[in-house]
Every structure is written in C-alpha cells, then in structure tokens.
Amino acid sequence: MGETFQAPRGFHDILGSDLKKFRKITSTVRDLLRRYNFEEIITPVVEFAKVFERSIGEATDIVGKEMFVFPDRKGRLLALRPEGTAGVVRAYIQNKLYALRPYHKLFYEGPMFRYERPQTGRYRQFHQIGAEVFGIADPHADAELLKLVSDILSELNIEAVLEINSLGCKVCRPAYREALLEFLQGVAPNLCKDCIDRKERNPLRVLDCKVQTCQEAVREAPKMVDFLCDDCRKHYEKLKEYLKALEVPFRENYNLVRGLDYYTRTVFEAVSPKLGSAIIAGGRYDYLVEEFGGPPTPALGFAVGVERLMLLVEEPQRDYELFFVIPFGEVHAYALKVADTLRKKGKVVEFSYRRGGLKKQLEFADKIRADYAVIIGEDELKEGVVTLKDMRTGEQKKVKPEEI
RNA sequence: GAGGGUGUAGCUCAGCUGGUAGAGCGGGGGACUGUGGAUCCCCAUGUCGCGGGUUCGAGUCCCGUCACCCUCCCCA
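Reminder that position 213 of the first sequence reads as 213 in the working numbering, one-by-one numbering, no gaps.
Simulated from the structure, these hints should not be mistaken for laboratory data.
Any given hint could turn out to be false.
Derived Cβ-Cβ restraints for the label pairs, each shown as a range [claimed, not checked]:
(1) Cys229 x Gly75: 31 to 37 Å
(2) Gln185 x Lys96: 45 to 51 Å
(3) Glu39 x Glu116: 29 to 35 Å
No residue lacks a Cβ here, since even glycine has one placed at the ideal position from N, Cα and C.
Please work from the sequences and hints to get the whole structure.
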C-alpha cells in the first residue's frame, strides 16, 4: 500500500446506515416544508466574508474564530458559509424578491462550515436544513414556524423540549441591556472568568452560563419579559396563544438567548435532553434585511442540525423488496434478460455476479437481505420460467418472469 | 483557543513488571458442485497511528507529531 490519506479533521464521509438516517431526516423535513408551501433556494457555499460578518456579528465566535476565510485572486476575502440565513438574505435582496410578492417562504439545505473543535454532534462540515420567512411581522408566522419545528420532531420521533423567549426589539432591548449590565456589575465578583468576559461581549449570555455560582448570582437578574415594549409584549402573548391553540408544547425560558446578533423578538430552540444541546433553533430577525440594504422586511427562520438529529433517529427500514437473480449453469444470457425484465417492471434487482454453488449464492442472498431469490438453472431455461424463492418463508415456485 | 482520554487485523478489543502479536466478529474456502439464515473444519491479513529517543532488545518506557473520542468556550 502506498501513501494513504485521511479526510481533514472535522470532515466526514457519510455512508451506510448514517446516510440512511441522513436521507430520512432530510426527506422528512423536505416533505413537511412542502406541506407548508416553502420553496427551495440554493445559494452558494461561498460568500464574501463580509456577508457573515455583518449579519451574524463581528463579535460572535462564529465570525471571530470559526469561519473558514480565504482570499480570492484579487485579495477579496471569501468565506465558507457558517450558517444559511445570511446567504439567503443576501439572495433575497440581490434577486429583489421583495418586489415580486408581499412575502416569501424559502428553504435551503446543504453543508455549513465552522472551524472548531469536533465533538459529539459537531463537525467542521455539517449539514443544515433551514426555513426562512420574509415579509410577515404577524406572530402567525412565528407560531406556524414553531408548529413546523414540532412537526419535524414528532415525524422523526425525536424527544425534545421546545423553548421560547422574546429578546425584544430596538425600542425595548437597550433598556433591558442597560439594566442587566448594571445588575451584572453588582454581582461581578461572583461570576466565573468566562462570564466576566461575556458580560462585555454579550451580557445576555451570562444568563445561561452552566457554572453553578453564576446561576446563583444571576437568579435575581432582571428578565427581558419584564422590559418588553407594548408591541413586543403583544407579539409574544399572541404567539403563546397560537401555540396553545395549535397544541404545540413549549416551555418559556427567560434565559434563552442566541449567539447570533441579528435576532429580535421571538427566539426558540428545540433542546434534546439526551444530547443536552439544541437540535433545531431559530428566531426572528426583523432588521437584518434592511441592514443588508433591502427594504425594511420582518423575517424569521430556523435551522435543523442534521448530524445532531442523526444521533437521535432510528435507522429506517428498507421500503422496497429486493430480488436476487441467481444464474446456475450456462444460463447467463437468459438470467440477464430476466433481471432486465424485472427492472423494467420497477423491481429492485441485484444480479449474482459470483461463481460458486447455489448454496454460496443463497448465503450471499441472505447477506444482502434479499427478499426473493430468483433461481435460474438449465431446467428453468428450458421451460422459460424461473424459480422464485421467498427468502423469509423458504417457499418457492416456478413462475414466468413477467408474472413476478 | 483550553483541559482530559485513546490510537494493536476490515470491526470490537486482549497483550501482566520491556524479550520482537492474539481472540471474537466479519471476510475467503471446504464438509455439501440445484437450495440460505444451524453446526463443524481450514485460511488469511498487521509498516502495533507516524517520527525520534532510552535500551542488547520497545506494541510495552520517554519526547514530539497527527488523528479520533469526551469536556469547556461557542453553536445546529
């Protein structure tokens, strides 16, 4: 053997039963998105780095230390997309979709890239399916999107808790931030090292620190819900009302904040108790389109972490029958024709390419879990039939190929 | 970026205080050249992750390096 290669750290091949889970997840989500009438959009995997810096926020870890950034030949900085929303927003504006219709519902699916340390459910190349709604300010949209998230979880039979919160808007968030900051200054001596740092960068994040002493220090902290302006409060109350009407179970988590800067009002996460991390997450970003040079457009969306769901779903059963055609003796031409006939009828057929006794071939039929063995020997050739053996029951009978 | 663990056959792993590799599973063949999922027999593979060091001698000890796993930061 010569030199061998390995995929770079955090990059993985997806095959076998993992791929079956992968497809089960993406096809289930796609089918649900279709029922909610979302339209697919494919955006580039590469964007100008600025697209992400401006949307996600320069101070976030995603932009600050997790992006794959590289210069093109003219020295402009490009980046592998670390998430899907920024590119879709860019495309929405560049294609002037806002001029076509009052609102749009789009979804995307594809690989995302973050330069970080791999661990459970976390890779440098991972996959998301995400949905974005542009142009609807009404909490109907929030409720529907959350219903969709809950549909995904139940269709895939995944246990998760849907947590929601409101982060307010331009009107009310600054006052809250101020109050929180003031509170945090007061308890600063009790905060962990990370939180001292967080306090400056993203004070909201201190709220969901896992360190015991921080949780205690923050217990009496002011809550965003108490600072929501009238509009935000109504929006949030309506959303909860709709969720109840839709019978979507949810839990309010006043400490739920998101790491991306663009969120406003509704934020949510589907948290898996088994993984202890979010598997689907999203929220509203009512200012992002405008900040990107488009018309003021309320918007919201979510992203599904495919690899994380893969840790939680069962491998799907094969949903078709497999026929294994076994030529026995000098009957290959006839056997190939039989296989062809079956395939023309839509059957899934594996032809036995190997030599050896019938026994070996049937063993192989077992190995590939064939449902039927189609045995073809000299006798069958003469009679123009095949022996169809049900591998489960062992029963077999001679039939004409076209009758299978 | 920080901390911890692990790298031996295709897979899961064993290999005691250093004396130059092993089991199960899987794979191939056979008992059984027109009948599988049972049983039995036979066979095979390894630069012991890579590089260096200590030693008469290293899978075993030391250093470095790479990869993987787990945790933190952060996130889907």
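Going down the list of hints, with the structure as the test:
As the Cβ distance of Cys229 to Gly75 is approximately 45 Å, the hint placing it in 31 to 37 Å is violated. For Gln185 and Lys96, the Cβ-Cβ distance of about 46 Å falls inside the hinted range of 45 to 51 Å, so the restraint holds. Taking the beta carbon of each, Glu39 and Glu116 are about 32 Å apart, inside 29 to 35 Å as hinted.
In terms of the numbered hints stated before, the structure departs from hint 1 and from no other.
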